[in-house]
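Protein chains: 2
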Amino acid sequence: MATDMTLLWGSGSPPCWRVMIALEEKNLQGYNHKLLSFEKMEHKSQEVLDINPRGQLPSFKHGDVAVNESYAACFYLESQFKSQGNKLIPDSPAEQALMYQRMFEGLTFYEKLNAVIYYNWFIPEGERHDSALQRNKESLATEIKLWEGYLQKLGSGAHLAGPSFSLADVTVFPTVATLFRFGLSAECYPHLGEYYALLKERPSVKASWPPHWLENPKGQDTLKDI
Amino acid sequence: MATDMTLLWGSGSPPCWRVMIALEEKNLQGYNHKLLSFEKMEHKSQEVLDINPRGQLPSFKHGDVAVNESYAACFYLESQFKSQGNKLIPDSPAEQALMYQRMFEGLTFYEKLNAVIYYNWFIPEGERHDSALQRNKESLATEIKLWEGYLQKLGSGAHLAGPSFSLADVTVFPTVATLFRFGLSAECYPHLGEYYALLKERPSVKASWPPHWLENPKGQDTLKDI
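Chains A and B, in that order, are what the protein sequence lines are. Under UniProt numbering, read the first sequence as residues 1 to 226, first letter to last. Under UniProt numbering, read the second sequence as residues 1 to 226, first letter to last.
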């Protein structure tokens, strides 16, 4: 039981979800956790600031050690619990290279998604431009096609860095799930659709599924025409 | 001699510089490399696209394996050449946690720097707002103070994740160097100034110093008042 670990998190936040999947994969259940509300600005509360001076979720602590950046926490957990639970970094140099490559491309994917679905949240009213939002949408569409192509090339049943589940899936799956939550069409993007369907049945993913998505299974349709 | 490696790069690009420092630290001199010009749009040339479908620099190949994302290449090189050159991931869990944490905060640092110094490059003319640039500047100033505080806490002569040089320095130093190139005052930020002075004498950093900075040692003063 991982009672020396604490996670403060928000429901549906891809960075939080990454850490939760990693914890499940490494058999680190039983950690202390607290669900906080972004709407109520609880990510700026003293409780969060005590662990994470940036006032962001996830805030994660293992004993006295804080590791708040989601990618950092994933790497840290895999490194500290290498032989526990599932191995998340493949041995073969080529698979490892692909895993690292996709993980970091995954940050661009996540950023491009946010630039569309949270445009009004990020950009103050007086500074918004239809032209900018349109450009962001085109850029996201290009990005989605790139990932659709990656999955097509790997073939049916593959994970993002090859045959086995890896840190690339831990970090990028929450972005893919968010795309579908916001209405992406699995008919238009069948390989992403297949990947999503495969991974959402994985025990670590099921165990960490955003509770407000469970409560309200219908998402938005922001991305239905992308 | 790393003759089975190829790097396409641009002078002064922090992502390219990260990979070049990592290669030096791992004693992987002698790789094939080609300096390309962003101004001439050579990062969109076929030569680049053959390695990197995103048309970005760095483009890096080891044998048949392409690893273009700079963080991915750094992790890959450390993993594949663990016992060669300098060890770039510390053993102690606390130092390792700090290293991962600072590496990924480093991406935010780099992004906030770009949002100021390349504002006009990123934002089309009709969509620019003084209020946005001002907000970006304030956000960068807050970020710089955070890193100044990190270094102050670690004490004189420290690296970003503790006593030894690590991947945190490989990835974040190019951002710090760019701050000073764009006029940051070492008097206002003495700990960052000391860190910069220490690292710029490191052989891997000297060997990979941006050639156009050497040719023209005077930078801009964009950040002199920040």
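Mixed in with the good hints there might be a few duds.
Identical copies carry no separate label here, and so any pair may be met within one copy or between two of them.
[Unchecked claim] No more than 35 Å apart at the CA atoms, straight line, and that leaves these computed lysine-lysine pairs for DSBU-like:
(1) Lys82 to Lys137
(2) Lys82 to Lys112
(3) Lys137 to Lys44
(4) Lys137 to Lys40
(5) Lys34 to Lys153
(6) Lys40 to Lys87
(7) Lys206 to Lys137
(8) Lys82 to Lys40
(9) Lys224 to Lys82
(10) Lys218 to Lys82
(11) Lys44 to Lys112
(12) Lys82 to Lys34
Hints in this document: simulated from the structure, not taken from any laboratory.
How the hints compare with the structure:
no. : hint             : result
1   : Lys82 to Lys137  : neither (39 Å within a copy, 41 Å between copies)
2   : Lys82 to Lys112  : both (32 Å within a copy, 34 Å between copies)
3   : Lys137 to Lys44  : both (30 Å within a copy, 21 Å between copies)
4   : Lys137 to Lys40  : both (29 Å within a copy, 27 Å between copies)
5   : Lys34 to Lys153  : between (40 Å within a copy, 29 Å between copies)
6   : Lys40 to Lys87   : neither (37 Å within a copy, 44 Å between copies)
7   : Lys206 to Lys137 : within (29 Å within a copy, 41 Å between copies)
8   : Lys82 to Lys40   : neither (37 Å within a copy, 46 Å between copies)
9   : Lys224 to Lys82  : neither (40 Å within a copy, 46 Å between copies)
10  : Lys218 to Lys82  : neither (37 Å within a copy, 48 Å between copies)
11  : Lys44 to Lys112  : both (25 Å within a copy, 20 Å between copies)
12  : Lys82 to Lys34   : within (26 Å within a copy, 38 Å between copies)
Comparing the model with each earlier hint shows violations of hints 1, 6, 8, 9, 10; every other hint is respected.
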